[in-house]
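There are 2 protein chains.
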Amino acid sequence: MRCTVEMLSIGNELLLGNTVNTNASWLASQVTSAGGTVTRITTVADKLNEIAGAVKEALRRKPDFLITTGGIGPTFDDMSLQGVGRALGRRLKVDTDAVEMIRAHYRRRFNREFIRLTKPRLKMARIPSGATPIQNPVGTAPAVLLKVGRTRIFCLPGVPSEAKAIFRTSISDAIRVAAGGKTFTEKWLRVSGIMESVLAPIIDRTMRHWPGVYIKSHPRGVEAGVRPHIELHFSTFSTTPKSARRAVGGAVSEMKERLRIRGAKVSLAHAGLSS
Amino acid sequence: MRCTVEMLSIGNELLLGNTVNTNASWLASQVTSAGGTVTRITTVADKLNEIAGAVKEALRRKPDFLITTGGIGPTFDDMSLQGVGRALGRRLKVDTDAVEMIRAHYRRRFNREFIRLTKPRLKMARIPSGATPIQNPVGTAPAVLLKVGRTRIFCLPGVPSEAKAIFRTSISDAIRVAAGGKTFTEKWLRVSGIMESVLAPIIDRTMRHWPGVYIKSHPRGVEAGVRPHIELHFSTFSTTPKSARRAVGGAVSEMKERLRIRGAKVSLAHAGLSS
Numbered sequence: 001m002r003c004t005v006e007m008l009s010i011g012n013e014l015l016l017g018n019t020v021n022t023n024a025s026w027l028a029s030q031v032t033s034a035g036g037t038v039t040r041i042t043t044v045a046d047k048l049n050e051i052a053g054a055v056k057e058a059l060r061r062k063p064d065f066l067i068t069t070g071g072i073g074p075t076f077d078d079m080s081l082q083g084v085g086r087a088l089g090r091r092l093k094v095d096t097d098a099v100e101m102i103r104a105h106y107r108r109r110f111n112r113e114f115i116r117l118t119k120p121r122l123k124m125a126r127i128p129s130g131a132t133p134i135q136n137p138v139g140t141a142p143a144v145l146l147k148v149g150r151t152r153i154f155c156l157p158g159v160p161s162e163a164k165a166i167f168r169t170s171i172s173d174a175i176r177v178a179a180g181g182k183t184f185t186e187k188w189l190r191v192s193g194i195m196e197s198v199l200a201p202i203i204d205r206t207m208r209h210w211p212g213v214y215i216k217s218h219p220r221g222v223e224a225g226v227r228p229h230i231e232l233h234f235s236t237f238s239t240t241p242k243s244a245r246r247a248v249g250g251a252v253s254e255m256k257e258r259l260r261i262r263g264a265k266v267s268l269a270h271a272g273l274s275s
Numbered sequence: 001m002r003c004t005v006e007m008l009s010i011g012n013e014l015l016l017g018n019t020v021n022t023n024a025s026w027l028a029s030q031v032t033s034a035g036g037t038v039t040r041i042t043t044v045a046d047k048l049n050e051i052a053g054a055v056k057e058a059l060r061r062k063p064d065f066l067i068t069t070g071g072i073g074p075t076f077d078d079m080s081l082q083g084v085g086r087a088l089g090r091r092l093k094v095d096t097d098a099v100e101m102i103r104a105h106y107r108r109r110f111n112r113e114f115i116r117l118t119k120p121r122l123k124m125a126r127i128p129s130g131a132t133p134i135q136n137p138v139g140t141a142p143a144v145l146l147k148v149g150r151t152r153i154f155c156l157p158g159v160p161s162e163a164k165a166i167f168r169t170s171i172s173d174a175i176r177v178a179a180g181g182k183t184f185t186e187k188w189l190r191v192s193g194i195m196e197s198v199l200a201p202i203i204d205r206t207m208r209h210w211p212g213v214y215i216k217s218h219p220r221g222v223e224a225g226v227r228p229h230i231e232l233h234f235s236t237f238s239t240t241p242k243s244a245r246r247a248v249g250g251a252v253s254e255m256k257e258r259l260r261i262r263g264a265k266v267s268l269a270h271a272g273l274s275s
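Chains A and B supply the protein sequences, listed in that same order.
Quick note: the first sequence uses the numbering used here, first residue 1, plus one each step.
Quick note: the second sequence uses the numbering used here, first residue 1, plus one each step.
No lab work stands behind these hints, which were simulated from the structure alone.
This structure is a prediction, so every number in the text was calculated from the model and none was measured.
Check each hint, because a few of them may be wrong.
Identical chains blur together in the list; that is why a pair holds if it fits in one copy or across any two.
[Unchecked claim] Below are the DSSO-like pairs computed for lysine-lysine, each with C-alpha atoms no more than 27 Å apart in a straight line:
id : residue 1 : residue 2
1  : LYS256    : LYS119
2  : LYS119    : LYS93
3  : LYS62     : LYS47
4  : LYS119    : LYS265
5  : LYS256    : LYS93
Kindly generate the complete structure, drawing on both the sequences and the hints.
Set out below in structure tokens:
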């Protein structure tokens, strides 16, 4: 059972390049750990037509999950829910549960009973009809869940701490179940003293021996002033952790052997997140 | 004259979440500085159909530039050029200029005249027919330029130092010219003591007074253990730097005044890249 997940990152700051899309990589790593396969990440501006267009395109590809981040706050340019609504032909309406979540948030924050629900505050409770608001454990704007055909659409805030909290409490397990308990296993090798063009056929051969194991080479180190080297990433999805470890372990051992014959230096590595 | 730029990031590591897409944000910030508008960033896997599909979709939106990163190296899963070729119905063929670039790279690297052009090395010279290879000043695989209708497609390597070097030497000026000398101006304000829901209508009003200036609020600081605050980003594209600075400066002054009346603390800020 393959559980496919698309992500839609919404925010001008990502297209201006003044914000690195760490939400996408964090969510992708979590989805992968839960056994899901991220098939595409799309970033668009805070523009109604852009958002609606990207949502429609994603739904045409029928992923199991579509996770949007950003654009559900109180300001005029938070228009993700409106964009999703337009893509689905659904109007926004004030959801009473969402209103209660927002009220409760401000009550805790101000420590008082009466909360003035100004227009910007009420805006965060306007969600597409048929959608379910989801508790935001650390911020104001509730997240939103919609089902469209086989796809579950989750709309999360763009603030990383909020997106992470909601993913952990409300999405992670759903992906785990949809993936049928598949687990993702990976290992990194650090290799030096060999060029990528020499490594290429060795990777080919090793992958043929270990079907299901994916091996990718990443040239590294020239920038940071570190000696150039290549990091090899071995990964597999498997129904049992044991068979996954056996396959990845086998491919790693074979690769080590092949590389040592050619005089390359090889060691197990923990690769960082940054490219 | 609006110069639109789409980006296509190619690489399983981005979808597995073990690599943060810093190439996309770096390129986006450079495109923005050159006066271009990044309209969409798409990330897909190292899969032929995914790449070809994403290229076709991007071309349908007719951007002035489409910049792809990743997947042009010597390994089996470097298939970006094949994907672009498939999208355009063009076969790959060995380009003699590209062969010479690759030869010259290895000659410098090994400091010897005779270079064995193995299959993986020759692979980097196989580019879509009608494409032009572009010198890679710091790595092996040449970049590639194709023109399709109004769109110039640049295919860059995924290694950040190589993508950056090629962007600087071969793309930046082309965007600057296409953008007609427009400049991008921005300023950041750091605001505390006011909530985003209270700030929302103030942003609205200020933007109405300064059309052309875009103001976006970013809630910050809860994660890092820093006191919660909001960063306001002011930006505009303009044909003269002077008019741009005047507009952004005017909007910033008005905003400061409005915020001080409400008792918020305001200071100019340099926002970092990370969200």
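Verification of the hints:
Within a single copy, LYS256 and LYS119 get their C-alpha atoms only as close as 62 Å, which misses the 27 Å cut-off; across copies the closest is 23 Å, which meets it. In this homomeric assembly, LYS119 and LYS93 come within 27 Å of each other (Cα to Cα) only inside a single copy, at 13 Å, whereas the closest approach across copies is 60 Å. Taking the closest pair of Cα atoms, LYS62 and LYS47 come within 27 Å of each other both inside a single copy (23 Å) and across two copies (18 Å). In this assembly of identical chains, the alpha carbons of LYS119 and LYS265 lie at most 27 Å apart only when taken from different copies (24 Å versus 63 Å within one copy).
Taking the closest pair of Cα atoms, LYS256 and LYS93 never come within 27 Å of each other, the shortest separation being 59 Å inside a single copy and 34 Å across copies.
In summary, the structure is inconsistent with hint 5 from the numbered list given earlier, while agreeing with all the others.
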